[in-house]
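Chain residues, written in single-letter form:
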Amino acid sequence: MDTFAYVRAGSLAEAAEAFAAHPGARYLGGGTNLVDLMKLGVERPTALVDVTRLPLAEVTELPDGSLRIGALVRNSDLAAHPLVRDRYPALSQAVLAGASGQLRNAATTGGNLLQRTRCPYFQDVSKPCNKREPGNGCAAREGVHRDHAVLGHSEHCIATHPSDLAVALAALDAEVELYGTAGVRRVAAAGFHRLPGEEPERDTVIEPGEIVTAVVLPAATAGLPSAYRKARDRASYAFALASVAVVLEVADGVVARVGIAFGALAHRPWRARRAEEALLGAAPTPAAFERAADLELSEARPLRDNAYKVPLARNLAVDVLTRLVPDGPVPHEEDS
Amino acid sequence: MGSEHGPRSAPHRSETTLRVNGKPHTLTVDHRRVLLDVLREDLDLTGAKKGCDHGQCGACTVLVDGRRVNSCLLLAVALDGSDVTTVEGLSGDGEDPHPLQRAFLDRDAFQCGYCTPGQICSALGALAEAESGHPSHVTDPGAPSGRPVALDRDEIRERLSGNLCRCGAYPRIVDAVQDVTGTGST
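Those sequence lines, one after another, are chains A and B.
Count along the first sequence from 1, add 21, and you get the number used in the working numbering.
Mapping to the working numbering: the second sequence position 157 is 149, numbers consecutive.
None of these hints come from the bench; they were simulated from the model.
Check before you lean on any hint, since a few could be wrong.
[Claimed, not checked] Chain A is faced by these chain B residues, among others (derived, beta-carbon under 7 Å):
no., residue
1, H46
2, T53
3, N62
4, A70
Even glycine gets a Cβ: it sits at the ideal position worked out from N, Cα and C.
Just chain B, same shape as in the assembly:
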């Protein structure tokens, strides 16, 4: 950088490659852009929603490299080489919905539906975390490490606390997730 340049004259766009729902995309992004905006505006994947845009509501939840994250707080440029899964990628190429999507339909686990893609992606991540033995705030600290954690209603509520539902569909969201864990009651 020459001395005649100000501190903000450095390049502010970079190339980044994201693998989204199995498909690679190489994009030149403004450094300021977050994953959520790239998904919605550049890739036409509008399933992930912008709720608060500050990591507080969870409507933007997607999976990056298999882990659920708030896509509104991730700069796209920093994700170069990452695998991203959005709600659009859950059913694969087939027509059949993912079991979680099916359970949300069966349980009528939403009213307006705005938070639902985030709820479903978050639940998917939470199920994998529990399966790999990750404890939560309500898990007995004496539970053995590394063993799958059974998800009762308290566990599901705690693990999904990062996803707000302004309609208040929480009881049925818990029902739907519980159905997929195999511990649901009818």
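With the rest of the complex left out, here is chain A:
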């Protein structure tokens, strides 16, 4: 590991200044991914700007009924927070489905969003990787890619985003709050992460030097039935092969509001807008859920070894949607 300067920021302004003063700097949160990548030689910062002492560890109810989660709220505290468990169960479930107790105690809300892909070629500096080194090639496309993307990938990168938390945020219509020298802005969580396109080195829409200060959960999805389900190789402590977060409101026998986001299928949480459009106003039957999921996944382009992800994701979505219908699924009356 190369040496680096260490700056402990006392304020957001100080953090941004220190970042600007050290080209090649990185912000340090819980460090569970960054320190690991530094050990692997994937990240080689000239300076670490430690933001962990900033006052961003609060969960606050805002006057409009939304819930603001400070970027330094630890994953374990986020998952255990009574208001999160009560109003946004999918978020609590998603966080608890990820990592281990030790890692969730260290990892922060902001850092979770900014973690990098676990593509083994990205993490191995001896292998080609366009994300690590633009123009270097992609070893995963013809290599071991069972865990990789089936949606939205490009010729340059087939990596997936590993976060569970981000998938729940995307389905719940959360926003990400960013601080930068130009001020504070909010972006939709569903649009915070990017597809790889021509620039696989860019995971998110964050600008250099910007700091995630919070995520905001909207009043509109507070208290609605929601859930997260994750399929993985082990029962615990493994990244998703496919996952889904769903928020579903049924009123007068039809779908009044629905948010569906898939995890581990793409370079970002995959908000299933086509499926949602198909379901809005429809009766919440298993058949309708199947058709909607199939419609969304019809644009999947699986690689040599990961076609299994498409039916897996479909079945997860149908299962979670069906379970979220109040008083159980409506009988198959329209299936005849």
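Chain A is fixed; fit chain B onto it per the hints.
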């Protein structure tokens, strides 16, 4: 920083004070050093083990400010002012082992023992988390917030999934932890 300096010429050592098992230590550390290495190499506390060194195996688990963490992923410089508890600190000043240590002995909950300090520190943290009402992946989502979570075998297995045991002593590790929760069977 003068313009003649390169980006890596800034100081790369800083002073940091850690309170380890109740005793303060002020050290000047290279920024690259993680807590695990400082504990083992500078403070001669070799209970916490280096297994994978990547946060995947849990052998390095200690408690920082009362919470279990992977000490291999924590930069010592960033922990200035923190309270650290290692397996060496569990029995306090006395000769008697901590109830968890006693339970691991009683249940013969290890073979080689390399993962054991991490298992015990992790179990200690997990017990406190459950007591304070933290849910896990296998907790019923409808369970009331803020109330202690009872730890059955499924809960213990899930909550300790961040601690690998290559000898495969898991059944007895679960037995030992269950003994300490007071719900163990004989």
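For each hint, the structure was consulted:
no. : hint : in the structure
1   : H46  : 5 Å, holds
2   : T53  : 6 Å, holds
3   : N62  : 5 Å, holds
4   : A70  : 5 Å, holds
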